[in-house]
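Student: One-letter residues, chain by chain:
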Amino acid sequence: MAARQEPAVIAPAPARGQQAPRRRGTGRGRSLLARDRALGYALVAPALIVLLAITAYPLVYNLWNSFHNVDYLNPVTMGTFAGLANYDRLFTDNQFVPALVHTIGFTVVSVAVETVIGLALALALNRAFPGRGLVRAAVFIPWAIPTVVSAQLWKAMFDPQNGFVNYILTALHLPLAGTAWLGGTWTAWAAILVADAWRNTPFMAIVLLAGLQVIPNDIYEAARIDGAGAWKTFWRLTMPLLKPALMVALIFRTLQSFLIFDVVYNMTGGGPGNSTSVLSYLDWQAFLTDSDFGYGGAIAVALVIFALIIAAAYVRAFRTEQVS
Amino acid sequence: MATATAAARRARPRHGRAVAGRAARRTGFYLLIAIFVIASLFPFYWMVITSLKTPAELNQGTTSLLPGGRLSLGSYRFDLTQTGATGINFGQALANSAIVALSTTAITVVLAVLAGYGLARTRIRGKTTMLGFILLAGFFPVLAIVGPLFLAYRRLGLLDSYPSLIITYLIYTLPIATWFLANFFSQIPHQLEEAAVVDGATRLGALRRVILPVAVPGIFTVAILSFIFAWNDFAFAVSFMDTPDRYTAPLAIVDLGHSQFQVFYNNIDAAVVLITLPVAALVIFAQRRIISGLTAGSFR
Numbered sequence: 000m001a002a003r004q005e006p007a008v009i010a011p012a013p014a015r016g017q018q019a020p021r022r023r024g025t026g027r028g029r030s031l032l033a034r035d036r037a038l039g040y041a042l043v044a045p046a047l048i049v050l051l052a053i054t055a056y057p058l059v060y061n062l063w064n065s066f067h068n069v070d071y072l073n074p075v076t077m078g079t080f081a082g083l084a085n086y087d088r089l090f091t092d093n094q095f096v097p098a099l100v101h102t103i104g105f106t107v108v109s110v111a112v113e114t115v116i117g118l119a120l121a122l123a124l125n126r127a128f129p130g131r132g133l134v135r136a137a138v139f140i141p142w143a144i145p146t147v148v149s150a151q152l153w154k155a156m157f158d159p160q161n162g163f164v165n166y167i168l169t170a171l172h173l174p175l176a177g178t179a180w181l182g183g184t185w186t187a188w189a190a191i192l193v194a195d196a197w198r199n200t201p202f203m204a205i206v207l208l209a210g211l212q213v214i215p216n217d218i219y220e221a222a223r224i225d226g227a228g229a230w231k232t233f234w235r236l237t238m239p240l241l242k243p244a245l246m247v248a249l250i251f252r253t254l255q256s257f258l259i260f261d262v263v264y265n266m267t268g269g270g271p272g273n274s275t276s277v278l279s280y281l282d283w284q285a286f287l288t289d290s291d292f293g294y295g296g297a298i299a300v301a302l303v304i305f306a307l308i309i310a311a312a313y314v315r316a317f318r319t320e321q322v323s
Numbered sequence: 000m001a002t003a004t005a006a007a008r009r010a011r012p013r014h015g016r017a018v019a020g021r022a023a024r025r026t027g028f029y030l031l032i033a034i035f036v037i038a039s040l041f042p043f044y045w046m047v048i049t050s051l052k053t054p055a056e057l058n059q060g061t062t063s064l065l066p067g068g069r070l071s072l073g074s075y076r077f078d079l080t081q082t083g084a085t086g087i088n089f090g091q092a093l094a095n096s097a098i099v100a101l102s103t104t105a106i107t108v109v110l111a112v113l114a115g116y117g118l119a120r121t122r123i124r125g126k127t128t129m130l131g132f133i134l135l136a137g138f139f140p141v142l143a144i145v146g147p148l149f150l151a152y153r154r155l156g157l158l159d160s161y162p163s164l165i166i167t168y169l170i171y172t173l174p175i176a177t178w179f180l181a182n183f184f185s186q187i188p189h190q191l192e193e194a195a196v197v198d199g200a201t202r203l204g205a206l207r208r209v210i211l212p213v214a215v216p217g218i219f220t221v222a223i224l225s226f227i228f229a230w231n232d233f234a235f236a237v238s239f240m241d242t243p244d245r246y247t248a249p250l251a252i253v254d255l256g257h258s259q260f261q262v263f264y265n266n267i268d269a270a271v272v273l274i275t276l277p278v279a280a281l282v283i284f285a286q287r288r289i290i291s292g293l294t295a296g297s298f299r
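Going line by line, the protein sequences match chains A and B.
Be aware that the first sequence starts at 0, since it is given in numbering that gives the first Met the number 0, and climbs by one per residue.
Be aware that the second sequence starts at 0, since it is given in numbering that gives the first Met the number 0, and climbs by one per residue.
Be a bit skeptical, because a hint or two may be false.
So the derived label-pair ranges between C-beta atoms look like this [claimed, not checked]:
hint	chain 1	residue 1	chain 2	residue 2	range
1	B	Ile34	A	Gly78	14 to 24 Å
2	B	Glu193	A	Ile218	54 to 64 Å
3	A	Asp225	B	Ile34	39 to 49 Å
4	B	Gly73	A	Val75	52 to 62 Å
5	A	Ser274	B	Ala17	47 to 57 Å
The hints are simulated quantities; they were obtained by calculation from the structure and are not laboratory data.
Glycine is no exception: its CB is placed at the ideal position from the N, C-alpha and C atoms.
Please construct the entire structure, taking both the sequences and the accompanying hints into account.
Tutor: Next up, the structure:
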């Protein structure tokens with residue numbers, strides 16, 4: 000899904016006789032165009048209605064809740080108007096802001112790491128070599144598994160006693176052997192990053208690979224004849240042509256990283272303490288642990304706003320690239 | 000063209016150190032590939048090894064890289080037939096996942112085919128807005144809708160039921176499915192429908208008899224992607240499902256294998272293998288489709 004200015008699906012009507020012929024007086028008296036339109040709306044309606052029901056309705060509900068007290072553990076105030084109290088709490092309760100900071104930090108690091116590795120992988124897969132199809136399938140499998148499985152898997156790998164990570168660190172006499180990974184803040188974040196990157200880098204690589212494969216080979220031939228070195232070819236030639244694919248991959252991964260939930264829930268539960276809490280997890284806790292749908296609603300509204308900001312930023316960057 | 004390749008051939012080194020340099024680079028390249036493959040698959044390998052251990056071997060705390068001792072399918076038997084200490088029967092969980100994912104896929108395909116065709120082929124107004132909305136829905140923060148949907152389902156008595164998940168999973172599947180199929184349909188030549196209409200078919204009849212057969216590859220792609228997304232969900236499953244025998248597989252894995260005193264990694268890992276097999280098989284057999292589904296129309 001790309002952020003383009005004009006979707007290519009607006010297919011021009013068949014050019015047989017320049018306009019849709021208007022039937023006069025016959026049949027039900029409606030023109031072909033009108034009937035075509037009616038059919039079209041009918042076809043699109045079910046999908047649109049479903050999507051509206053599960054996005055717009057909850058959003059509006061969240062918005063309404065966020066301005067009221069909807070705390071099921073506090074039945075006295077249930078339903079009363081709360082003004083900006085829930086939003087105020089975002090800034091003062093020492094949960095939201097740390098989670099926001101964690102989330103932004105994690106997003107930046109994970110997207111950077113995954114982009115670099117994903118690009119390397121895409122470049123490697125772009126070359127034809129025997130067994131490439133199998134290799135591509137092999138590196139793509141981690142993406143297809145449930146994130147909770149990746150979380151459990153790496154939780155086991157990082158287990159202090161039985162985990163592979165400590166096993167290999169000990170065997171190779173490397174530092175950090177024997178650490179209780181999920182017990183310390185930075186090591187827990189490292190574990191989360193590994194679980195996230197292992198599962199999501201393939202997606203990055205696949206999108207970038209698709210972008211690389213659109214670049215015609217002649218360009219590389221010409222560059223090589225001109226004597227351009229590999230590095231220069233990469234930066235001056237490949238990267239600019241890869242920008243569209245890079246934008247698509249970045250926007251997806253940035254949003255997904257920002258909204259990370261499964262891995263945090265399953266590996267750390269936000270701990271130790273609150274040091275690995277992220278926005279999505281905080282929102283989930285508000286809804287389903289604390290039953291406070293007013294506060295949760297405020298967080299949800301913030302989440303939607305952030306998602307829009309991120310999407311808009313990338314779309315703007317993409318448009319600027321297009322123009323230049 | 001011939002001169003270009005001839006010139007390139009001249010430019011390529013053919014002697015001594017240059018050749019050695021090239022060989023070294025090629026070795027380095029294959030080494031890199033090997034590292035990527037190992038990094039991707041090793042965790043699974045390790046899981047499989049662990050899943051074949053008996054609880055006794057686990058207790059010894061051995062973490063050998065090779066399968067040692069007797070290979071035991073006990074964990075698999077346990078997962079598929081027994082109900083664990085937390086009341087979870089993983090076999091049942093797998094069945095729940097299958098039912099939900101297949102239902103979501105079926106509904107997605109129907110709705111996306113209709114909507115995709117409508118967007119690609121009819122002259123409705125507001126297409127840009129609709130497509131934009133669908134795109135936006137694909138980026139929607141999923142956790143933001145958990146709360147209200149929870150309340151709504153509770154009021155409707157739908158909590159802890161298949162429909163609660165099936166309906167909700169459409170947020171994962173419909174946006175990309177509709178977008179992909181709209182693109183796909185717009186690339187089918189108009190002549191196909193025109194011929195059918197000239198022969199007296201209605202629009203919908205033409206759709207059914209002429210377009211759909213041609214669209215099978217695209218529909219297949221959409222079905223696979225939808226299945227994967229629905230199968231993999233955790234956030235909604237953990238929020239809406241309450242009784243253990245309604246748990247879907249990703250949810251069941253979390254509690255599985257935990258007794259009061261011990262974590263049975265062999266059972267957990269067997270469950271991991273079981274839950275991964277369907278999607279791994281899908282990837283291996285349909286990777287081209289999956290990739291084209293994810294990247295469709297992005298770079299034109």
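Student: Decide, hint by hint, whether the structure agrees.
Tutor: Hints versus structure:
no. : hint                                 : verdict
1   : Ile34(B) with Gly78(A): 14 to 24 Å   : violated (58 Å)
2   : Glu193(B) with Ile218(A): 54 to 64 Å : violated (39 Å)
3   : Asp225(A) with Ile34(B): 39 to 49 Å  : violated (32 Å)
4   : Gly73(B) with Val75(A): 52 to 62 Å   : holds (54 Å)
5   : Ser274(A) with Ala17(B): 47 to 57 Å  : holds (53 Å)
Hint violations for this structure: numbers 1, 2, 3, all remaining hints satisfied.
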